[in-house]
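S.K.: Just so you know, the working numbering puts the end of the sequence shown at 575, numbered straight through with nothing missing.
Think of the hints as simulated: they come from the structure by calculation, not from any bench.
One or more of the hints may lead you astray.
Claimed, not checked - Label pairs and their computed distance ranges (CB to CB): (1) GLN571 <-> GLY547: 43 to 49 Å; (2) GLY573 <-> ASP522: 27 to 33 Å; (3) ASP569 <-> GLU532: 36 to 42 Å.
Stated by the list, open to error - In silico EDC-like pairs for lysine to aspartate or glutamate, Cα to Cα no more than 20 Å straight-line: (4) LYS546 <-> GLU532; (5) LYS541 <-> ASP569; (6) LYS546 <-> ASP522.
Cβ coordinates follow ideal geometry from the N, Cα and C atoms, glycine included.
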Amino acid sequence: MRIDIITVLPQLLESPFSHSILKRAQAKGLLDVHVHNLRDYTPYKQAQVDDYQFGGG
Numbered sequence: 519m520r521i522d523i524i525t526v527l528p529q530l531l532e533s534p535f536s537h538s539i540l541k542r543a544q545a546k547g548l549l550d551v552h553v554h555n556l557r558d559y560t561p562y563k564q565a566q567v568d569d570y571q572f573g574g575g
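Turn these sequences into a full structure, and let the hints guide you.
M.R.: And the structure:
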């Protein structure tokens, strides 16, 4: 099974996927996890992924 995760903080997911039952599944070739950094896909040179607030409140 292949799992792709897109996140702003990929460092937070390194530990759960390398120290648990998921690590054993990866070692056996049953699981393939790819963590993608959302900031790699932004068109802005500062790697900004948020937008300005809008709406009332």
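S.K.: Determine for every hint whether it applies to the structure shown.
M.R.: Each hint, compared with the structure:
no.	hint	verdict
1	GLN571 <-> GLY547: 43 to 49 Å	holds, 45 Å
2	GLY573 <-> ASP522: 27 to 33 Å	holds, 31 Å
3	ASP569 <-> GLU532: 36 to 42 Å	violated, 27 Å
4	LYS546 <-> GLU532	holds, 18 Å
5	LYS541 <-> ASP569	violated, 36 Å
6	LYS546 <-> ASP522	holds, 18 Å
The structure shown violates the earlier hints numbered 3 and 5.
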